[in-house]
Amino acid sequence: MPRFEPWSAPRAAGIIAEHTHLEGATLPILHALQETFGYVDAGAVPLIADALNLSRAEVHGCITFYHDFRAHPAGRHTVKLCRAEACQAQGCDSLHADILKRLGIAWHGTTADGNCTVEPVYCLGLCANGPAALIDDEPVAHLTADALEAALTEVRQ
Amino acid sequence: MSVTITVPRDAVALGLGANKVARALFAGAERRGLDVAVKRTGSRGLFWLEPMVEVETPEGRIAYGPVKLEDVDALLDGGLTTGGDHPLRLGDPEKIPFLARQQRLTFHRCGVVDPVSVEDYRAHGGYRGLEAALKLDAEGIVAQVRDSGLRGRGGAGFPAGIKWNTVMLAKADQKYVVCNADEGDSGTFADRMMMEGDPFNLIEGMTIAGVATGATRGYIYLRSEYPQAYQTLKEAIANGVKAGVLGENILGSGKSFHLEVRLGAGAYICGEETSLLESLEGRRGIVRAKPPIPALKGFLGKPTLVNNVMTFTAVPWILEHGAKAYADYGMGRSLGTLPIQLAGNIAQGGLIEVAFGITIREVIEQFGGGTRSGRPVRAVQVGGPLGAYFPDELLDTPLDYEAMAAKKGLVGHGGIVVFDDTVDMAKQARFAFEFCAAESCGKCTPCRIGATRGVETMDKVISGIRSEANLKLVEDLCEVMTDGSLCAMGGLTPMPVMSAITHFPEDFRPAGSLPVAAE
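Protein chains in written order, with numbering that gives the first Met the number 0: chain A, 0 to 156; chain B, 0 to 518.
So that you can see chain A by itself, here it is in the shape it has in the complex (with noise of 0.2 Å):
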């Protein structure tokens, strides 16, 4: 089962005008579009602008500037894993890229099956049980290799 939708502007026009009375309304829009199609389709940039009265280059550089929008399609999953210095104490650098040799991918990448992509991310707030990760939302504690390859095959059934 794909969990996102496949991109489409008439579907994306509803969801901009569910968000357009609000207060600062471009956060949450670009939010819930990353959450319905898995990213944010440069033809959401037009209609964002015209719903909001922003010129694009607006809505443009309000995408690229912060970690959590991408404007392409990741994997079916996304891992993230904590890059942080309580993390770094407990050993996490040497964790990831043992995680990442055996997935195959470096950061940002997605896994040839297209199942998961995994991000660096700075801090998730289980500091005291590191090394952390999230899978899509769901907090790991005391990450080891094993355990996110236990996961990815449980989440990928």
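Read the hints as simulated data drawn from the structure, not as lab findings.
Listed next, with one range per pair, are the computed distances between beta-carbon atoms:
| no. | chain 1 | residue 1 | chain 2 | residue 2 | range |
| --- | --- | --- | --- | --- | --- |
| 1 | A | 108 | B | 405 | 40 to 50 Å |
| 2 | A | 4 | B | 290 | 44 to 54 Å |
| 3 | A | 2 | B | 171 | 39 to 49 Å |
| 4 | B | 99 | A | 16 | 50 to 60 Å |
| 5 | B | 168 | A | 136 | 41 to 51 Å |
| 6 | B | 1 | A | 4 | 40 to 50 Å |
| 7 | B | 36 | A | 136 | 20 to 30 Å |
| 8 | A | 2 | B | 26 | 22 to 32 Å |
| 9 | B | 94 | A | 5 | 56 to 66 Å |
| 10 | A | 41 | B | 444 | 25 to 35 Å |
| 11 | A | 108 | B | 391 | 36 to 46 Å |
Chain A is nowhere near these chain B residues, computed Cβ spacing over 10 Å in every case:
| no. | residue |
| --- | --- |
| 12 | 100 |
| 13 | 113 |
| 14 | 122 |
| 15 | 136 |
| 16 | 331 |
| 17 | 485 |
Over the 10 Å line for every Cβ pair with chain A, so calculated as not near, a few chain B residues:
| no. | residue |
| --- | --- |
| 18 | 57 |
| 19 | 102 |
| 20 | 250 |
For every residue, glycine included, the Cβ atom is placed at its ideal position computed from N, Cα and C.
Assemble the complex: chain A is given as a structure, and chain B must be docked to it using the hints.
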């Protein structure tokens, strides 16, 4: 009668399997014909014991932990529902020394109550602060906050009462209260724990701020890395509106306060208040030059009170018990309690709320129980990624804004990250620049360019290319960034770098090199 068993839904507990434990408890109890209600709470912050399960018995709560999925059957067979014996039995959770030694003013409900229940919140003393506030006029509320000595807990330590007063006095058709819940510092999780475990404390604190300043709208700007906190806050706000503690005519006072939670999008810089406001307005999170200060010209150009989660959540207690009771805790000009977060390589990490003035060593030794790896402590970073690395000699520094500043460090948001003797401090210094390069908003040159040049120059130092000259260059660069940056991102990145160079010089000599004198 049904026995209540509590299982935390805090992200740490979930990360250690709490949902599976909760399901197994429920199913296992059903199989055995036991009448059990599983209640989900936040965490008490004893993170090495998570998932920590508690049973309500006639003698009070009995805790067990850390409970793994495979322990559940043995626990149920061993009489868990009556507080029976088991190797994981911890007894009365409030008597566990880690918790018993604390002074929990702000966190006393966290891990105890159902986080999204207004009823449970009120049953544990909730909304007494707001009720007290509603009996005062605006000046009276602000005076309580001022006299408590409360200082902004986000890191800067600015007196909260002055900010509140400025917004209260500002004239505008609309004012705002904004909570900075963009807790991005590594080693900190107090905000997350509070929002997941006792969100109504934050909601009540913000409501009091709204009543005091005349702001009828509020926003919680939450980092997107906290999906559990987001769900809990949304649920709590919806329940608050239903119960009449949010929205129109709060508690029948005729005053209104509308609250909304907004998600950030992975930008550390948005923890800086002006950058946060830009982001909340829907733009790139670029730092604004001050003045004008947000208290006069903030969200959408209107007077805006921006405080951290820990600042707002201190307020209900202050209003309930009075400013003086709060100011009786602490030392010097750092009054009240500080929620310390003990993290990194530590045997017993978690949330430690105590009066200001405890030393770093006391926290690590009395609460932390040494490193998780069992190796000696070598460096301790206090106050997040922009905080200093302290060596053993400085660990007797008390956690107090002025005392930490005197040692060229900072309290920050109260995070303490412990490293053992395998840490490479040159690598940590390089990382501080790398982090700044990744997270700089790009508005000012010292930060935008300095961070990248810092990474490059540190690489040269590490690989032994004219190490000594390049280390001088790093020091020079740090001076420029400290003096010339617009905000704390570029201005404080030199703090971890310089503290590493100053306190751990041996790590900055290239491998195999000899001291100059030996040549």
